[in-house]
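Number of protein chains: 2
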Amino acid sequence: MTSTVPNLCTAPVGPVLKLEAKLLERQADIETWFRRQWLETPAPFYASVDLRNAGFKLAPVDTNLFPAGFNNLNPDFDPLCIHALQSAIERICPTAAGILVVPENHTRNRFYLESLAALVDLIAKAGFHVRIGSTMPDLEQDQIIDDLESGRTLRLEPLRRSGDEVYVGEGEDRFSPCAVVLNNDLSGGRPAILEAIRQPVTPPAILGWSNRLKSDHFGLYQQVAAEFAELIGIDSWLVDPLFRNCGKINFMKREGEECLVSNVEMLLEDITAKYSVYGIEEEPFVIVKAEAGTYGMGVMTVKSTDDVLSLNRNARKKMASAKDGREVSGAIIQEGVYTFETWNDPADSAEPVIYMIDHYVVGGFYRVHDGRGRNENLNAPGARFQMLAFSESCTRPDPSRDPDAQPNKFYAYGVVARLALLAAAREIARAHQGD
Amino acid sequence: MTSTVPNLCTAPVGPVLKLEAKLLERQADIETWFRRQWLETPAPFYASVDLRNAGFKLAPVDTNLFPAGFNNLNPDFDPLCIHALQSAIERICPTAAGILVVPENHTRNRFYLESLAALVDLIAKAGFHVRIGSTMPDLEQDQIIDDLESGRTLRLEPLRRSGDEVYVGEGEDRFSPCAVVLNNDLSGGRPAILEAIRQPVTPPAILGWSNRLKSDHFGLYQQVAAEFAELIGIDSWLVDPLFRNCGKINFMKREGEECLVSNVEMLLEDITAKYSVYGIEEEPFVIVKAEAGTYGMGVMTVKSTDDVLSLNRNARKKMASAKDGREVSGAIIQEGVYTFETWNDPADSAEPVIYMIDHYVVGGFYRVHDGRGRNENLNAPGARFQMLAFSESCTRPDPSRDPDAQPNKFYAYGVVARLALLAAAREIARAHQGD
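Taken in sequence, the protein lines are chains A and B. Heads up, the first sequence is in numbering that gives the first Met the number 0, so the first residue is 0 and it goes up one at a time. Heads up, the second sequence is in numbering that gives the first Met the number 0, so the first residue is 0 and it goes up one at a time.
Quick caveat, the hints were computed from the structure, so don't treat them as lab data. Computed from a predicted model, the values in this text were never measured in an experiment. Hints should not be assumed to be uniformly reliable.
Because identical chains cannot be distinguished in the list, a pair is counted as satisfied if it fits within a single copy or across any two copies.
Derived SDA-like pairs (lysine to any residue); straight-line CA-CA distance at most 25 Å [stated by the list, open to error]: (1) Lys-21 - Ser-209; (2) Lys-252 - Glu-281; (3) Lys-273 - Thr-300; (4) Lys-252 - Leu-138; (5) Lys-316 - Glu-375; (6) Lys-273 - Pro-74; (7) Lys-273 - Pro-41; (8) Lys-316 - Glu-148; (9) Lys-302 - Val-260; (10) Lys-21 - Leu-153; (11) Lys-247 - Arg-312; (12) Lys-21 - Leu-219; (13) Lys-273 - Ala-225; (14) Lys-21 - Phe-174; (15) Lys-21 - Asp-120; (16) Lys-273 - Thr-134; (17) Lys-302 - Asp-172; (18) Lys-316 - Arg-160; (19) Lys-21 - Arg-151; (20) Lys-302 - Ile-91; (21) Lys-21 - Ser-261; (22) Lys-17 - Pro-41; (23) Lys-247 - Gln-221; (24) Lys-21 - Cys-92; (25) Lys-17 - Asp-120; (26) Lys-302 - His-431.
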């Protein structure tokens, strides 16, 4: 591998090695269990999962059903993405070749555009005709973006609709796809043009942030983690962050503050109890974040109820704003999971981000933040990121080596990330039932 | 990538670049066509295909349904094999985890044992319990092989049967697999212990060399190549070696010699006609080989009918012997395809061998032979081989580069190898109908 191998160290604290050893030992049973789960509940088209590895605990803290960051994956593993895309798309379009990607509308974010270009490139290499249909309201004609650092070129075409079909291009150049791959998390709402079309939309628009709640996901994750913990005989807390939620919060008007304070208090007590069972001497903390949303806005680290009560006006304003200017109306209070993974010297905090396509783990990277501590959200704007492609995929454990050896740690990451993927699959199944 | 990148040169002779350019240009249509084909006719569990790249022509010359050589694949691509194995096995064993591999019986071939160990290792890493059930007649108890160069350990267990079920181990250790993966080409006949068992055997025993004929395979390949050639608008000869066959040949007794001579003559005429159409100035040649068999025995390069008539006693004896001592009873006379790929200076002949699991290309290597010319069979014993793992998979073409750039050449290899895979899939489907 030509890529830099990240110099990451995990504090070898008690139970985590036990957990990793357990996952390795039970690998065949775990994989059989997953196969059964995917038969019952097909995996989402793709997803990325943010993990936190606290040494004593390894848990997902965010599951993104419309992932960006494909440009940060190790290009040596493109063949894995290509296989997985073929497998995912051949289920939707067994005999057709046209895929339309509907991207985010923020065309000035170079990082996102690089990710979009990488995704489109992978779909083309998997053997599909692929074009980009944009829902940007002011896009009248094709927009060519040819100044990306990667040298890739993007053509954004206005998404059009005729009857129950979406397409791009006109006349001889008209392109009616077999399926629409959504790469827009719909924070700004579900676009009418995608409603009730004959082409399948994957992942379904109903899973966009305009409908989805983090607490729904983590409620389903709790069930998945409990079933999995029973399978391998562990305390599900070792892979599951505790959480509570408040339905109506208005930070600016200080509405719902009592709910928040009492839930923070109860959650801190629950974490303290767990820490005492496992002899963990760290200070418990919780993360308060918007129920709907992404891009790390409206995320706050809280160590006591005082932290909530003493929020100043600026902090309130920050909590109240989420992506696309939506007001935060619900909040999830999630157990904070320390990250004990660091990069560099002096140490910067690092957290693994795992990518999956269909039910396959296809790679990942470390998100490194040199301005944030090990108990803070690292998916934050305004500070330098360092993306480190994994030099190994997460599918090749080596039982002959130490459980904390890199391929084995990556296997553990792949297992926990797929538990979150399974929770997302159940979210989709439930949404379809309610549809 | 850490592996050596082979220093291979392909003579850039006329049509081949055109063919590679055509394959790249029509990639999405080709992949769509393949998807349709796999829906109609599921791919074999695995296969390896020997290709010959003559510069003006790229064609398969041998398709092995029970491949060895897994130890020669680039370990960087293990994740690809793991994905593909998961995809292949989850169709056979969606809810179970036990796989039994039935290997060849020649336990003194270290190369084969390394391949077997690599295959078993991959199946385990794909998340299955895997054990080896041997049909060696004199194996009374487990045989441990722990002196392999790779450091891997193999346990060969006697294959047992109870009612319609095969298993290994006894008592608490009894292991009843969900499926049997056959890695024995059955040159010595179909073992009775595998007949009419309830567990699926894949690839099916009926595709072993005790039943299979090379001319059946290449007959089906001819149809596949014709359909494919029509799809992309080329002369199917560019991917298809001409062939003829003789049903009854006994080299020692000189029976069937007339059939051989007349077919060699007609085939040489056909090749000469094609060479003249394409302005190729090489001397046409044909390969005569056993209808059933592998391991490169009984393979002869023939440039004129005199070559057949003047065979001396030793050469006859060699042609008459195939693996496991079976007498050659039929022969296929196949258009010889020059290999223009060379390695080293002075140049040794090289030919690509492509591996597939399910319908996925998972890698390959170059077979290099320093004692053989570019018009000879390179799968020959008695001389040094050099296996060169591909440093790139065959699934990642790059249309922005020259058609002969390595990833693009590998894509072309992957397409032609899959054409042979499809012919093998049709062989299996036909065998099942006749079963």
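List in ascending order the numbers of the hints, as given earlier, that are violated by the structure.
Hints 1, 2, 4, 6, 7, 8, 16, 17, 18, 20, 21, 22 and 26 contradicted; others consistent.
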